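So the protein lines, in turn, are chains V and X.
In terms of full-length UniProt numbering, the first sequence is residues 1 to 146.
In terms of full-length UniProt numbering, the second sequence is residues 1 to 145.
Quick caveat, the hints were computed from the structure, so don't treat them as lab data.
In this text the structure is predicted, and so the values were computed from the model without any measurement.
Mixed in with the good hints, there may be bad ones.
Here are the simulated DSS-like pairs of lysine-lysine, each with C-alpha atoms no more than 30 Å apart in a straight line [as the list claims (entries may be wrong)]: (1) V/LYS70 with V/LYS27; (2) X/LYS79 with V/LYS71; (3) X/LYS45 with V/LYS138.
Residues on chain X that point at chain V, a partial pick, calculated with CB under 10 Å [claimed, not checked]: (4) PRO10; (5) ASP24; (6) GLU25; (7) GLY47; (8) TYR90; (9) LEU105; (10) LYS107; (11) VAL108; (12) ASN116; (13) GLY144.
C-beta atoms are modelled at their ideal positions from N, C-alpha and C, and glycine is treated no differently.
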Amino acid sequence: MSKIKSILNTFVYVTTAVVFATAVYIKIFWKNSDLSVDILWEILSVSLFCSFGNLFYINKHNDFKDSWSKKQLVIRTVLHYFYINLIVIGFGIFYEWFYWYRIDMMLAILVMILVIFATIWFVNLQRDKRLAIQLNQKIREYYTKE
Amino acid sequence: MKIIIEDREPNEEDMILIRCKELDESLLKLIYNLKLEKGKVVGMKDGTISMIEPKDIYYFEAVDNKVFLYCEQKVYETKKKLYELEKDFYQTDFFRASKSIIINLSKVQSINPAFNGRFEAILKNKERVIISRQYVSDLKQRFGL
């Protein structure tokens, strides 16, 4: 259940970021186009597949493994990042969001993926830092009275 | 606070009765400490058996189907399973931090975010223990966050 919850949580973050990025992308490259409703389903499908990237952090026993070393987690994060690129570029070409032979479009997509990935990572880190501050305060309150 | 000590009947069990308007933090701490006092843990090291006070235990860790208890500097093996220890020390300072670790929160010096939603607890003896992302919500609940 925690795996499903984690994927859904990521799905929400990624969908928000992808909608924003799509708005920027369309404004730059497709500003005079008429878009169909299909774009919404396309965005949702890409977000969902991107969210499955969380499975990179699950071990063979089907649990989120926490005893991996920092090096192993860095490797998995890099693999996750390349997976995201594969999904977005693969689906993007399939949905004809951009053309692989247009260097400007490809570069814009790669930069957007990097920015979204880094933003979500940063937001999560800041949230964890805030929680750590609160936890440390509670521990000090509870145990310094002894 | 009044403390009253009464004699009990011979066939009665020793009992501590707390009468209060509400269970505040200080009373909860008193109850936790009473629970800890009764439950020494049997630890084995180099062929000798020791009775370890829970307040001296920094954390329990399960490795290769064995459970070890870590004090400030010494490490003992215990025959109890991790789930049994979790049950024994329920509602005390001991907290299930991951599938293989139970930490004594009173021995935690600080908590820092680690990679990928995990947290790292730095203990008073400078050891570092990971708190799994799955158990972070339990920790938040424990501290009312």
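Consistency of the hints with the structure:
Only pairs whose Cα atoms come within 30 Å are accepted, and V/LYS70 paired with V/LYS27 is rejected, the gap being roughly 40 Å. Simply put, X/LYS79 and V/LYS71 have alpha-carbon atoms about 33 Å apart, too far for the 30 Å limit, and the pair is violated. Pair hint X/LYS45 plus V/LYS138 does not hold up; C-alpha atoms about 35 Å apart against a cutoff of 30 Å. Given the 10 Å rule on beta carbons, the hint for X/PRO10 is violated: about 37 Å separates it from the nearest Cβ of chain V.
Because the beta carbon of X/ASP24 sits about 13 Å from the nearest beta carbon in chain V, more than 10 Å, this interface hint is broken. Look at X/GLU25: its Cβ gets to within about 8 Å of chain V, closer than 10 Å, so that hint holds up. A distance limit of 10 Å between C-beta atoms decides the matter here; for X/GLY47 the minimum to chain V is near 29 Å, and the interface restraint is violated. Of the supplied interface hints, the one on X/TYR90 is violated, with its beta-carbon coming no nearer than about 17 Å to a beta-carbon of chain V, more than 10 Å.
Using the Cβ-Cβ criterion of 10 Å, the hint placing X/LEU105 at the interface with chain V is satisfied: the shortest such distance is roughly 7 Å. With its C-beta approaching chain V no nearer than about 9 Å, X/LYS107 sits inside the 10 Å limit, and its interface hint holds. The criterion of a C-beta within 10 Å of any C-beta in chain V is met by X/VAL108, whose closest approach is roughly 6 Å, and the hint holds. Taking 10 Å as the C-beta cut-off, the interface hint given for X/ASN116 holds, the closest approach to chain V being about 6 Å.
Against a cut-off of 10 Å between C-beta atoms, the interface hint on X/GLY144 holds, since the closest Cβ of chain V lies about 8 Å away.
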